[in-house]
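Heads up: the sequence lines are chains S and Y, in that order. The opening position of the first sequence corresponds to residue 1 in the working numbering, with each subsequent residue numbered one higher. The opening position of the second sequence corresponds to residue 1 in the working numbering, with each subsequent residue numbered one higher.
Any given hint could turn out to be false.
Copies of the same chain look alike in the list, so a pair counts if it fits in one copy or across any two.
In the DSS-like style, the derived pairs of lysine-lysine whose C-alpha atoms are separated by at most 27 Å in a straight line are [stated by the list, open to error]:
(1) Lys29 <-> Lys127
(2) Lys130 <-> Lys2
(3) Lys29 <-> Lys2
(4) Lys2 <-> Lys125
Think of the hints as simulated: they come from the structure by calculation, not from any bench.
Chain residues, written in single-letter form:
Number of protein chains: 2
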Amino acid sequence: MKYLHTMIRVSDIDETLAFFDLLGLEEQKRYEVEAGRFTLVFLAAPGDEEAQVELTWNWPPEDGSEPEDYDGGRNFGHLAYAVDDIYETCRRLADGGITINRPPRDGHMAFVRTPDDISIELLQKGKALKPAEPWASMENIGEW
Amino acid sequence: MKYLHTMIRVSDIDETLAFFDLLGLEEQKRYEVEAGRFTLVFLAAPGDEEAQVELTWNWPPEDGSEPEDYDGGRNFGHLAYAVDDIYETCRRLADGGITINRPPRDGHMAFVRTPDDISIELLQKGKALKPAEPWASMENIGEW
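Chain S with its partners taken away, still in its complex shape (with noise of 0.2 Å):
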């Protein structure tokens, strides 16, 4: 028994795709489904493409309608990476635009949002970093 992926879906496939590439993830494969008017994109770190994240993208109604609204849920908590410096990845997501909702004040834990609201877990491979500014004074900013 092998993990493969965590799916989840996603409004817009652009940003979504522009969150995972400043976060590191490489896409690995990806399916348009003209019939069923979907598009899968499968993600993983450089050196573990074995555990993915599935991306479905699901295409705007053909007849102008809303599309559907994926709001979030209690049961599902986070995903988790080990990240090689967590104040760079950081500073790369901030750079790009990306809250940074619980910062690295530790040297050890953050957490950031998709722009579906589905919330990410980056921890220090290793041992904590020194408590380093501007991260250790910096607020946590809403929920993850």
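Since the structure of chain S is already known, use the hints to place chain Y on it.
Here is chain Y on its own, set in the frame of chain S:
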């Protein structure tokens, strides 16, 4: 960068552990945090211990009030696992009282749900098995 886990919140830790035990995941580590009144349990498939599921169980409120309801949202889709024999896995789950929401009619794919309605996709490793009863003529039950 490396995938670590997907975290889900569970309202009944024993019931959820029984579900994942039937599925075939094994406990890797557990933290009981008395101060925060929560328990974390990390599970993984044997032989694939690094890709984990983290269960967060918040203990019932001390004041006797109702615990939080862990409803589902649409932004999260499912967790997917490859299994060696999808019929055997589904038989084991069904014998344990788990509803097979999407039976493996095609010998390839099935869906079940955890007690908190987290959707789990099961995919047959390698080639699909030959369609076989009772699965081939079994109807879908509910959503997944």
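Do the hints match the structure? See the list:
{"no.": "1", "hint": "Lys29 <-> Lys127", "result": "between (33 Å within a copy, 19 Å between copies)"}
{"no.": "2", "hint": "Lys130 <-> Lys2", "result": "between (36 Å within a copy, 21 Å between copies)"}
{"no.": "3", "hint": "Lys29 <-> Lys2", "result": "both (19 Å within a copy, 18 Å between copies)"}
{"no.": "4", "hint": "Lys2 <-> Lys125", "result": "both (23 Å within a copy, 9 Å between copies)"}
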